[in-house]
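Chemist: Okay, here's what each chain looks like letter by letter:
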Amino acid sequence: MSARQPLPAGMPVTVLTGEPSTHCRTPHYLRGKRGVVVRALGRYPNPEALAYHKPGLPALTLYQVEFDAAEVWGDRLREAPYRIIADLFEHWLQPLDAAPEGSR
Amino acid sequence: MTVHDHGDHVHHDHDHDGDAHPHAPVDDLDHYQPESLLMEQALRELLVEKGVFTAGDLQRQIDLTESRTPALGAAIIARAWLDDAFRAALLADAKLALGRAFDLDLANTPELTVLENTAQLHHVVCCTLCSCYPRNILGIPPAWYKSREYRSRVVIEPRAVLSEFGTELPAQREIRVVDSTADMRYLVIPLRPEGTDGWDEQRLAGLVTRDSMIGVSQALAP
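Residue numbers (my numbering), protein chains in the order written: chain A, 1 to 104; chain B, 1001 to 1222.
Mixed in with the good hints, there may be bad ones.
Selected chain A positions facing chain B (Cβ under 10 angstroms, derived; list incomplete) [to be verified]:
1) Q5
2) L57
3) E66
4) E79
Simulated from the structure, these hints should not be mistaken for laboratory data. Backbone N, C-alpha and C define an ideal beta-carbon position, used for all residues, glycine too.
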């Protein structure tokens, strides 16, 4: 994904699931949830490598992603609808456009 | 040993007055060294020895962090309330705007995004993973911000949490909880209070609390 254009604002994405044994910056409560890209925040070294004093290069695109609380919490939602914004790295995001691989 | 007369305050309420100079370093740590303190010391010494950073780098970073306080944030917010062009610049590129308008050296500090609260939309900032906070503007985060309770609850029941801070928002005001999970830090421009027309920057800054720039509170009423 890193060689391609950044995902555009409004692109629906699903946060990947998974349990890396390393440090990572993807909160559990958002894994597997659907959100929408707000904007790309730039490229930053991969924190999963930085945590072990490695360079974390090539840098990865960090995205601001917005979620509906109802999507995140489902039946556990106790309040009126609200939104959650989190900043997630590209390798945790699966774009939900139906475009075939390589067409972007 | 020089004896200082400090009049009304007492320095010697512990059990070794004989050798305690009024200005002697606090020696509590001789008696109690929590594991976390030893860990910090060991880690710091290792990082310096390995050349990851120097002791001077660390001291400069501590000095920088301690020089940043909510008073700086309040001055920024007051300016943003008064100056539309500055507010627009701040929202577009916060570090650039602050470097120009406040003579702040923000190089080598994390990225910063400023979010504006409006009559329609309220932002509240947290870091569910640790304690990410706009230290380059506001300094050290409050203890509650780092607590497990705040971090876990604000993303699932923000209105209840805000209410415990005394913040009751109109039902129709949308809430956006901002989880600073990575390299971006967030600072909130609270809604300018009613009844402050004609106020100058300094007076307005007096209404801007630390908590209102995190978004758990609103600015003080005049």
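Chemist: Taking the hints in turn, state whether each one holds.
Modeler: Hints, verified against the model:
Annotation: Q5(A) was flagged as interfacial toward chain B, and the flag is violated, the nearest CB pair being 20 angstroms apart, outside 10 angstroms. Proximity of L57(A) to chain B is violated relative to the hint, the smallest CB-CB distance being about 14 angstroms (cut-off 10 angstroms). Contact between E66(A) and chain B, as hinted, is supported at the beta carbon level, the nearest pair being about 8 angstroms apart and thus within 10 angstroms. Satisfaction of the interface hint for E79(A) is found here, the shortest Cβ-Cβ separation to chain B being roughly 5 angstroms, below the 10 angstroms cut-off.
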